[in-house]
Amino acid sequence: MTKHGAAPLVVFDNVDKVYDGSTKVVDALNLQIEQGEFLTLLGPSGSGKTTTLMMLAGFEAPTRGTILFDGAPLNNVPTYKRDFGIVFQNYALFPHMTVAENLAFPLRMRRESAADIETRVQRTLGMVKLDALKDRMPTQLSGGQQQRVALARALVFEPRMVLMDEPLGALDKQLREHMQLEIKRLHEELGIAMLYVTHDQSEALTMSDRIAVFDEGRIQQIGSPRDVYARPQSTFVASFMGENNRLDGTVQTAQGHDVSVQITPGGPTVRAALAGGTVQVADTVTLMVRPECIRLSHEDGAANRFDGRIAEVVYHGDHVRLSLVVDGVGTLVARHPVSETGTEFTPGDIVPVSWSAQQMRAFAGKGPSNTSNGD
Amino acid sequence: MTRIFVTVFAWAVLFFLVAPLLVIFPLSFSSGEILTLPVPGYSLRWYEDFFLTERWLDATKNSFIVGIATMIIATVLGTTAAYGINLTNFRGKTVVLALLSLPMVVPLIVTAASMYLAFSVVGLANSLWGLIVAHTIIATPYVLITVLASLQTFDPNLMRGALSLGARPVTAFREVVLPLIMPGVAAGAIFAFATSFDELVIAIFITSPGEFTLPRQMFAGLREFISPTITAAAVIMILLSFILLFISEAVRRRGERLTAGKVKQ
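Those protein sequences? They're chains A and B, same order as listed. Here our numbering is used: position 214 in the first sequence is 208, and no number is missing along the way. To convert a position in the second sequence, counted from 1, into our numbering, add 204.
Okay, chain A solo, but in the shape it has when bound (with noise of 0.2 Å):
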């Protein structure tokens, strides 16, 4: 967790990165790790938040700007001197070493007496559960097996920082949800600061102490999860974490944060918190409501309540999806749990629909994304 008032751990101030002279894959970033943190770098693909991380482990040099670690630069210091732990993609185990030799490496590096090898090695496999392992070679483990030992053999000689890039991505959806939790409680036990490197939202959401959203090079939001999440600041954001509808309209009235915005074209006039910035009347804004936010029922404090037609009914187990079409506004899509009660939806039916004005979040300007006139 975040120790308030304590220096932060990291700094990037202002690094570029280019790459063949012209391409900015890292654009003026500054960004803070603090002590004991465990921060996400979220994006697509080439949005620069790898090379982030390559950058703060030592393989990939700032074309301009410095990283401080501890207050002192790093950009001189080779990565074998940095004492970071990494957990590769694709995890790096050396194959013509066994798990305890892949654990004993680095404290051979660091010239460790036989015995506490020994001892710490056999510590950290226990961490991670592994200690009937130690004798295999990494191909006669299964994925997930080979992602702990990676894990522990990054955490085996206590790093002052861990860095992991996409460190779950090659394991199926079941093996990847128990190691996300994992590697948080690890993270909680050492108290050490992580930086990790994902492009899947829900992973970053659920282990994350801030999120750092990555895209073209620069972050477009950095804070909590529950902020990040329910306060995105550009369509962007809010579009890459989670889905969203989308509408488009013009401002009628704005009061501060709250604004009054006629759908285009023609359509009835909606209640909206802004998403940043201000905005005038007349300006077009770009509308966002996530589908669990949509209520089928004309909730008392909803500013926005219309009828729906349903269209189309999807059955997802805990929720159903329904496509809902309302007059002037275009198709909704609503996510409805399923209680126990069992309400049934049927196509064709009359259903009320709303939504608060708190969440349905109105970004200045139109476009796919919103850098310019955010903040």
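Be aware that one or more of the hints could be misleading.
[To be verified] Once the Cα atoms are required to be at most 20 Å apart in a straight line, the calculated SDA-like pairs of lysine to any residue come out as:
id	chain 1	residue 1	chain 2	residue 2
1	A	LYS75	B	VAL374
2	A	LYS167	A	LYS178
3	A	LYS75	B	ARG378
4	B	LYS297	A	VAL319
5	A	LYS75	A	PHE53
6	A	LYS75	B	GLU379
7	A	LYS167	A	GLY137
8	A	LYS75	A	MET103
9	A	LYS123	A	SER196
10	A	LYS123	A	GLY137
11	A	LYS167	A	GLY236
12	A	LYS178	A	SER196
13	B	LYS297	B	LEU281
14	A	LYS75	A	ARG105
15	B	LYS265	B	VAL439
16	A	LYS178	A	GLY30
17	A	LYS167	A	LEU135
18	A	LYS123	A	LEU180
19	A	LYS123	A	SER107
20	A	LYS75	B	MET363
21	A	LYS75	B	ARG364
22	A	LYS123	A	GLU183
23	A	LYS178	A	GLN195
24	A	LYS75	B	ARG372
25	A	LYS75	B	PHE377
26	A	LYS75	B	THR375
27	A	LYS18	A	ALA55
Simulated from the structure, these hints should not be mistaken for lab results. Please read all numbers here as calculations on a predicted model, not as lab measurements.
Following the hints, position chain B against chain A.
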């Protein structure tokens, strides 16, 4: 019908390839002084001559000195060159590769003549050192190529992994890269030794009597005093080649087990 034809043809080709080699075996055990078949009788006199004559023993010793020195130098040069070339992408990489493999395609007699002239200038002609340098030049491309082939299956992330775990680059190379590309390195080393061990053309230009290698001594034996001892020498060389073949096969199998042990992605 086709099957029978293919089988017969295959055996015929095999016989065609091996027959000349087979002839040398009975000849080397001949009791006669002239190289003729059938042999008048069997004896070990030519082997005795080989193992008791100083110029044959010296030639064998020289071949081993030059072969082993060539193997060591060519393996170090070829392996490091291959690793460097594989590691980076630069303009003209293909040109560099082509230049490095040039000694393999240039006619040996051209290489030999130019080396003789060049080595005369720097005083390396007529010495075993000169021969070692010359053999290293023609043997290094073999190492380069076999090591490059092994590096194709080497995951560069393993090097990054080793660095991140605190290994200096040289240590990481020795502990992680080298064991995994060993099959290629060993095969290259054997090729390098074999290249030097049976090389004659350069040896003719560069060695002086008294510093003859085994092939050079055999050549002299054929030309100057037709002695059946060269058949014994030939058989010994064939046996050595077989041993090398077995070693390289063993190394390849061991390597296959290791690369079969490549971590699945």
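Hint by hint, here is what the structure shows:
With a CA separation close to 14 Å, the supplied pair A/LYS75 and B/VAL374 stays within the 20 Å bound. Distance check on the hinted pair: A/LYS167 and A/LYS178 sit about 17 Å apart at the alpha-carbon level, within 20 Å; holds. Simply put, A/LYS75 and B/ARG378 have alpha-carbon atoms about 18 Å apart, close enough for the 20 Å limit, and the pair holds. Proximity of B/LYS297 to A/VAL319 is assessed by CA-CA distance (about 61 Å); at most 20 Å being required, the pair is judged violated.
Proposed proximity of A/LYS75 and A/PHE53 is supported: the alpha carbons are some 12 Å apart, at most 20 Å. Under the criterion of a C-alpha separation no larger than 20 Å, the hint pairing A/LYS75 with B/GLU379 is consistent with the structure, at around 18 Å. Restraint check for A/LYS167 and A/GLY137: satisfied, since their Cα atoms lie roughly 12 Å apart, inside the 20 Å limit. A threshold of 20 Å between alpha carbons decides the hint, and for A/LYS75 with A/MET103 the separation of about 11 Å falls inside it, so the pair holds.
As the CA atoms of A/LYS123 and A/SER196 are separated by approximately 25 Å, the hinted pair breaks the 20 Å bound. At most 20 Å may separate the alpha-carbon atoms for a hinted pair to count; A/LYS123 and A/GLY137 meet this at roughly 15 Å. Our distance criterion of 20 Å between C-alpha atoms is met by A/LYS167 and A/GLY236, whose separation comes to about 17 Å. Under the criterion of a C-alpha separation no larger than 20 Å, the hint pairing A/LYS178 with A/SER196 is consistent with the structure, at around 14 Å.
Under the criterion of a C-alpha separation no larger than 20 Å, the hint pairing B/LYS297 with B/LEU281 is consistent with the structure, at around 17 Å. Pair hint A/LYS75 plus A/ARG105 holds up; C-alpha atoms about 14 Å apart against a cutoff of 20 Å. For the suggested pair B/LYS265 and B/VAL439, the alpha carbons sit about 17 Å apart, so the restraint of at most 20 Å is met. About 12 Å separates the Cα atoms of A/LYS178 and A/GLY30, which keeps this hinted pair within 20 Å; it holds.
At roughly 18 Å between alpha-carbon atoms, A/LYS167 and A/LEU135 fall within 20 Å of each other, so this suggested pair holds. With a C-alpha separation of about 12 Å, the suggested pair A/LYS123 and A/LEU180 falls inside the 20 Å cut-off, and the hint holds. At most 20 Å may separate the alpha-carbon atoms for a hinted pair to count; A/LYS123 and A/SER107 exceed this at roughly 24 Å. The straight-line distance between the Cα atoms of A/LYS75 and B/MET363 is roughly 15 Å, inside the 20 Å bound, and the hint therefore holds.
Pair hint A/LYS75 plus B/ARG364 holds up; C-alpha atoms about 13 Å apart against a cutoff of 20 Å. With a CA separation close to 15 Å, the supplied pair A/LYS123 and A/GLU183 stays within the 20 Å bound. Between A/LYS178 and A/GLN195 the CA atoms are separated by roughly 16 Å; this keeps the pair inside 20 Å, and the hint holds. Our distance criterion of 20 Å between C-alpha atoms is met by A/LYS75 and B/ARG372, whose separation comes to about 9 Å.
This hinted pair checks out: A/LYS75 and B/PHE377 have alpha carbons roughly 16 Å apart, not beyond 20 Å. Proposed proximity of A/LYS75 and B/THR375 is supported: the alpha carbons are some 13 Å apart, at most 20 Å. A C-alpha spacing of about 13 Å is found between A/LYS18 and A/ALA55, which places the hinted pair at or below 20 Å, so the restraint holds.
In this structure, the hints that do not hold are numbers 4, 9, 19, in rising order.
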